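Given the coordinates of chain A, assemble chain B onto it according to the supplied hints.
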Amino acid sequence: MAILPPTKGDGTPAIGVPVQEGIPRIHPGGQGEFLDKIEPGEELMEINMGPQHPSTHGVLRLVLSLDGERVRACRPDIGYLHTGFEKSFESHTYQQCIPLTDRMDYLAPPINNLGFALAAEKLLEAEIPPRGQYIRVIVAELSRIASHLIWLGTHALDLGATTAFMYCWRERDKILDIMEWISGVRMMTSFIRVGGLLADVPEEFVPMVRAFVADFPQRVDEYEGLLTSNPIFRQRTIGLGVLDSATAIAFGCSGATLRGSGVPYDVRRALPYSSYDQFDFDVPVGVRGDVYDRYLVRVREMREACRIVEQAVEGLPGGPVNTSDRKVMLPPRAEIDNSMESLIHHFKLSTEGFRPPPGRVYSAVESSRGELGFLMVSDGGNRPYRCKVRGPSFSNLSALSYMVQDELVADVVAVIGSIDIILGDVDR
Amino acid sequence: MGLRSADEALEFPSLVRAAVLDGADAPAFPGVIPSDRDLADAAAQEGIFTTTVGKVVAWGRYSSLWPALFGLACCAIEMMGASNARFDLSRFGAEVFRASPRQADLMIVAGRVSQKMGPVLRQIYDQMPDPKWVISMGACASCGGIFNNYAIIQGVDKVVPVDVYIPGCPPRPEGLLDAVIKLQKKIAATPVSSLRE
Numbered sequence: 000m001a002i003l004p005p006t007k008g009d010g011t012p013a014i015g016v017p018v019q020e021g022i023p024r025i026h027p028g029g030q031g032e033f034l035d036k037i038e039p040g041e042e043l044m045e046i047n048m049g050p051q052h053p054s055t056h057g058v059l060r061l062v063l064s065l066d067g068e069r070v071r072a073c074r075p076d077i078g079y080l081h082t083g084f085e086k087s088f089e090s091h092t093y094q095q096c097i098p099l100t101d102r103m104d105y106l107a108p109p110i111n112n113l114g115f116a117l118a119a120e121k122l123l124e125a126e127i128p129p130r131g132q133y134i135r136v137i138v139a140e141l142s143r144i145a146s147h148l149i150w151l152g153t154h155a156l157d158l159g160a161t162t163a164f165m166y167c168w169r170e171r172d173k174i175l176d177i178m179e180w181i182s183g184v185r186m187m188t189s190f191i192r193v194g195g196l197l198a199d200v201p202e203e204f205v206p207m208v209r210a211f212v213a214d215f216p217q218r219v220d221e222y223e224g225l226l227t228s229n230p231i232f233r234q235r236t237i238g239l240g241v242l243d244s245a246t247a248i249a250f251g252c253s254g255a256t257l258r259g260s261g262v263p264y265d266v267r268r269a270l271p272y273s274s275y276d277q278f279d280f281d282v283p284v285g286v287r288g289d290v291y292d293r294y295l296v297r298v299r300e301m302r303e304a305c306r307i308v309e310q311a312v313e314g315l316p317g318g319p320v321n322t323s324d325r326k327v328m329l330p331p332r333a334e335i336d337n338s339m340e341s342l343i344h345h346f347k348l349s350t351e352g353f354r355p356p357p358g359r360v361y362s363a364v365e366s367s368r369g370e371l372g373f374l375m376v377s378d379g380g381n382r383p384y385r386c387k388v389r390g391p392s393f394s395n396l397s398a399l400s401y402m403v404q405d406e407l408v409a410d411v412v413a414v415i416g417s418i419d420i421i422l423g424d425v426d427r
Numbered sequence: 000m001g002l003r004s005a006d007e008a009l010e011f012p013s014l015v016r017a018a019v020l021d022g023a024d025a026p027a028f029p030g031v032i033p034s035d036r037d038l039a040d041a042a043a044q045e046g047i048f049t050t051t052v053g054k055v056v057a058w059g060r061y062s063s064l065w066p067a068l069f070g071l072a073c074c075a076i077e078m079m080g081a082s083n084a085r086f087d088l089s090r091f092g093a094e095v096f097r098a099s100p101r102q103a104d105l106m107i108v109a110g111r112v113s114q115k116m117g118p119v120l121r122q123i124y125d126q127m128p129d130p131k132w133v134i135s136m137g138a139c140a141s142c143g144g145i146f147n148n149y150a151i152i153q154g155v156d157k158v159v160p161v162d163v164y165i166p167g168c169p170p171r172p173e174g175l176l177d178a179v180i181k182l183q184k185k186i187a188a189t190p191v192s193s194l195r196e
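Sequence order for the protein chains is A and B. Residue numbering for the first sequence follows numbering that gives the first Met the number 0, beginning at 0 and increasing consecutively. Residue numbering for the second sequence follows numbering that gives the first Met the number 0, beginning at 0 and increasing consecutively.
Looking at chain A on its own, in the form it has when it is part of the complex (with noise of 0.2 Å):
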């Protein structure tokens, strides 16, 4: 029996295909006309990486055009992991939507409650005390920690390095612990809502972060002992997807990937939201725009993101964490008891939620990845009528294909994880 090569559903191969002149592509964004680069005529293999693939974090499915080793073209196949997250926050109460944001992007789940509650603050003019947002501000930023130590551990163990994976993991669990104590849950607190916090933190919330962050510079160190001058890693990563700044930002690149490529743009500096102007950081950008300066990057973001947590828990204000607006938080219990009008807002706010003016607000946050923002419409209901979510990953991800290029297949792993992408976030 002969063995004949796999074909297409018009009986020409699908193995070898000459690529055909006039073919539309995806479109290459900015100044990328790398996909025009195939030679017409020429013999590539198409293969698939994905949906399951253990370092394509998650469920991409990546189409490479490949000649020999080399890839030619890569198409990245994504929705996998589509969850319909705009159309159910249409179905939801604005404080339901706090758990389903949870889910966007969970690795960092604060920041996405952090980015949802500010647009909803924005839509009903709320004021949060500064309690409150230091207290989200920490919250956020061990959770950027915990997000950079997964993508560290991931990127490592992708490149070969086992060590650093076991390592990351352990100060992660005493972040999630963290979490635990103030909300019961390790990853998906819903702990920020909108108006405030779930609750005010416990008294051994300071001391705990305070361990944590005098702990947590050494533990950096461990991991750049292990990676930054290792000749193995360095080899792998330096001088590879190299992304210059005009492509990045044509490519709407945000957050590591763009400050990478040397542009100093972060959100928490440019737009501060959550008194986040009152906290003294560096914004660290890299240099070649490649895999390693990326690294470089994140890795300079932790111990920034330690030193933020320092500041806040430091100066960490007395008062209340919620909004002092009964229309939008519940009032506290004790109120109940005494007060019919706060008995009233209760009822009203635990059946059918705040209902915000009619508008439309833009409002955007640093998550992890990037700039995570949210396009909410109002419609004066107690229920957004629209809202989008501008996905850091989504964008960053569309980079990829112009950063594999000509790149050998081995080294795709190496650029999808210093692009540190999360498929909740890029399919929603």
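Careful: at least some of the hints might be erroneous.
Unchecked claim - Heads up, simulated DSSO-like pairs for lysine-lysine below, C-alpha to C-alpha not over 27 Å straight-line:
id, chain 1, residue 1, chain 2, residue 2
1, A, Lys-86, B, Lys-184
2, B, Lys-115, A, Lys-387
3, A, Lys-86, B, Lys-115
4, B, Lys-157, B, Lys-184
Simulated from the structure, these hints should not be mistaken for laboratory data. All values reported here derive from a predicted model rather than from experimental measurement.
For chain B alone, coordinates are given in the frame of chain A:
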């Protein structure tokens, strides 16, 4: 050296722990499990040891589950956490995550399964050699969780047969350990002949 009764033969620490946790008076295993000490005694006494093939096969199966390295969403992060040093899934013999489904006999569905992912998941399941087992980790995989909408399959048991369900969103790593222990008990109680498909 012959058969020992099951309730004194159990020296498999995780399973003893599981039995204690369940408060069960009955032994975790209906059959007879050779302990390491039994084997050593038997070897010392001219290597004679009696049991049945089915029990030895089940012992081999439940003691070394190889999960497919296959994460979908949030629960996959806790699954990775379970394989790390603090929770250490390898204490229960199930830490060898295989990137190829052809080398795996346990599928841990960790996360929400979208309509687009469902056929892929089924294909991965079909690629796994028999006998194979499925753990549905978390609320989304078990029943759709909080996502009752057009995009998410309302329970992975619509796609593949599930042996153990874990509640939680996401479950703690201890939840996954508990599910592995429960699955081990289930495998031990399954006659070897019934696993043929």
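Here is what the structure says about each hint:
1. A/Lys-86 x B/Lys-184: 42 Å, violated
2. B/Lys-115 x A/Lys-387: Judged against 27 Å, a Cα distance of about 22 Å means the pair holds.
3. A/Lys-86 x B/Lys-115: Distance ~17 Å between A/Lys-86 and B/Lys-115 Cα, so the pair holds.
4. B/Lys-157 x B/Lys-184: 24 Å, holds
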